[in-house]
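J.: Letter by letter, the chains look like this.
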Amino acid sequence: MLLLEKIGFMACLKYLGVGMLGIFVAIGLIVLVILLLNKFTK
Amino acid sequence: MDLKLLDFLYENVLAIDWKMLVMWAIGGILIYLAIKKDMEPTLLLPMGFGAILVNLPFSGAITQILENGEEEKGALSVLFDAGISNELFPLLLFIGIGAMIDFGPILSNPKLMLFGAAAQFGIFFTLCLASIFFDINDAASIAIIGAADGPTAIVVAQKLDSTYLGAIMVAAYSYMALVPIIQPPVIKLLTTKKERLIRMPYSPAKVSKLTRILFPILLTVIAGLIAPASVSLVGFLMFGNLLRECGVLNQLSETAQKVLANLITLFLGITIATKMQADQFLSLDTLLIMGLGLFAFIFDTAGGVIFAKIANLFLKEKINPMIGAAGISAFPMSGRVVHKMGLAEDNQNFLMMHSIGVNVSGQIASVIAGGMILNFFM
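Respectively, the protein sequence lines represent chains X and U. In case it helps, this note's numbering puts the first sequence at residues 1 to 42. In case it helps, this note's numbering puts the second sequence at residues 43 to 420.
None of these hints come from the bench; they were simulated from the model. Model, not experiment: these values are computed from the prediction. Don't take each hint at face value.
Pair by pair, the computed Cβ-Cβ distance ranges are [what the hints assert, rightly or not]:
hint, chain 1, residue 1, chain 2, residue 2, range
1, X, Leu35, U, Val273, 33 to 41 Å
2, X, Leu35, U, Val64, 50 to 58 Å
3, U, Phe356, X, Leu35, 14 to 22 Å
4, X, Lys39, U, Lys115, 51 to 59 Å
5, U, Glu359, X, Lys39, 15 to 23 Å
6, X, Lys39, U, Gly70, 54 to 62 Å
7, U, Lys61, X, Leu35, 33 to 41 Å
8, U, Glu296, X, Thr41, 20 to 28 Å
9, U, Ile223, X, Lys39, 19 to 27 Å
10, U, Leu308, X, Lys39, 41 to 49 Å
11, U, Ile223, X, Leu35, 31 to 39 Å
12, U, Cys288, X, Leu35, 21 to 29 Å
Pairs of lysine-lysine residues, derived as BS3-like cross-links and limited to a Cα-Cα distance of at most 25 Å, are as follows [unchecked claim]:
hint, chain 1, residue 1, chain 2, residue 2
13, X, Lys39, U, Lys153
14, X, Lys14, U, Lys201
15, U, Lys248, X, Lys39
16, X, Lys42, U, Lys153
17, U, Lys78, U, Lys382
18, U, Lys251, X, Lys39
19, X, Lys42, U, Lys248
20, U, Lys235, U, Lys358
21, U, Lys79, U, Lys360
22, U, Lys300, U, Lys78
23, U, Lys358, X, Lys39
24, U, Lys360, U, Lys235
25, U, Lys230, U, Lys358
26, X, Lys42, U, Lys382
The beta carbon of each residue, even a glycine, is placed where N, CA and C say it ideally should be.
Please take these sequences and the hints and turn them into a complete structure.
T.: In structure tokens form, the structure reads like this:
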């Protein structure tokens, strides 16, 4: 876990990138799971 | 008659200051918006009334320190400790919300979930802006207003120990109710008429009952592995959905959707008001938080729409980019707004099932975003 104090605007842009990437990875995995579920549970 | 007995009356009246009067007015405005304008009445009315309760002199509704130094517990403070400081109330509410949601539209067309992900852009962008004015935990708590989801905002703000919970809640619920006013201008600015006219035929794939049962379980596992701090949020939401979909717990599902959800909403609204005491609430920081919250909603909308426009560069069958805006978690208002805008451009263009599907996926994505924020900063 990161322990943070006041960080700058530029550092926050990193969190923007990592955060959006993380959400897309999670949602991408969920989409994949749904596609597999639809395929194997007909 | 000993007139000194009436001293307490003068003391109480003389203890009223201008800040309390302002908070009474704010409480009155929230009540007016709830009743007259039908803006999120389930939360704004209790919050408005609670704001008045906690801003009366020496209010017995909140904990007071007596002259002898003893603490006299107030009911709202007890409720706050019982259900908000430990995040219990919002998590229980999520069981009810999960039981209300039908994931059918995204199970039959899972690609829609990507727009829900894109529409969380405003959260992280607002984090960058808010970190200029606030320390990082408060900035993250303010950014999560962009999740457009009350329980997620409460859980994140509490876990990050933000001092601005009252302002965050007022901003979040007010803007959720204002989605029909906030989103259309942003959508129109970012899309052309030709794009808004794109039709999307709806032909749903059949979804098996087994899929509907396995989905909440697997989603909890995936979200929990990527963002462990989101397990409580995602888990309670999916538990509620499993109650709905399993088919053998209809009474529990109905209880969750109606009795539990209403009961918790009742407690939540009035208890949040403990953070609307004048000294905490009336500051320039509150105005700044309201501004940042609006910024988050605007950039959530923009993120979803722009993602849809980028997707169209690669797709043969074009999608109407307006549905990207429905990825904001304000369910079902955002989905309805997009559907109405589609009909306004072309009265034969029915976007409802697509926009509602994206709207539902926004609920999931916003909870995952909340978990990511907690993972970064807890």
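J.: Regarding the pair Lys79 (chain U) and Lys360 (chain U), is the alpha-carbon distance no greater than 25 Å?
T.: 37 Å, violated
J.: Using the C-beta atoms of Cys288 (chain U) and Leu35 (chain X), is the stated range 21 to 29 Å upheld?
T.: 22 Å, holds
J.: Can the restraint linking Lys14 (chain X) and Lys201 (chain U) be considered satisfied, given a maximum Cα separation of 25 Å?
T.: Roughly 22 Å between the alpha carbons, so the hint for Lys14 (chain X) and Lys201 (chain U) holds.
J.: Next pair to validate is Lys248 (chain U) with Lys39 (chain X); report whether the Cα-Cα distance is within 25 Å.
T.: Within the cut-off at roughly 11 Å; holds.
J.: Checking one constraint from the list: CA of Lys42 (chain X) to CA of Lys153 (chain U), max 25 Å. Satisfied?
T.: Between Lys42 (chain X) and Lys153 (chain U) the Cα gap is close to 19 Å, so the pair holds against 25 Å.
J.: Quickly compare the C-alpha distance for Lys235 (chain U) and Lys358 (chain U) to 25 Å and report which way the hint goes.
T.: 19 Å, holds
J.: Given the hint of 19 to 27 Å, is the C-beta distance from Ile223 (chain U) to Lys39 (chain X) inside that range or not?
T.: Violated, since Ile223 (chain U) and Lys39 (chain X) (Cβ atoms, about 42 Å apart) do not stay within the stated range.
J.: Given a hinted range of 14 to 22 Å, is it respected by the beta-carbon distance of Phe356 (chain U) and Leu35 (chain X)?
T.: 18 Å, holds
J.: Ile223 (chain U) and Leu35 (chain X), beta-carbon distance inside 31 to 39 Å?
T.: 37 Å, holds
J.: Is Lys42 (chain X) within 25 Å of Lys382 (chain U), Cα to Cα?
T.: 34 Å, violated
J.: Holds or violated: Lys251 (chain U) and Lys39 (chain X), Cα atoms, limit 25 Å.
T.: 13 Å, holds
J.: Holds or violated: are the alpha carbons of Lys42 (chain X) and Lys248 (chain U) at most 25 Å from each other?
T.: 8 Å, holds
Comparing the model with each earlier hint shows violations of hints 1, 7, 9, 21, 26; every other hint is respected.
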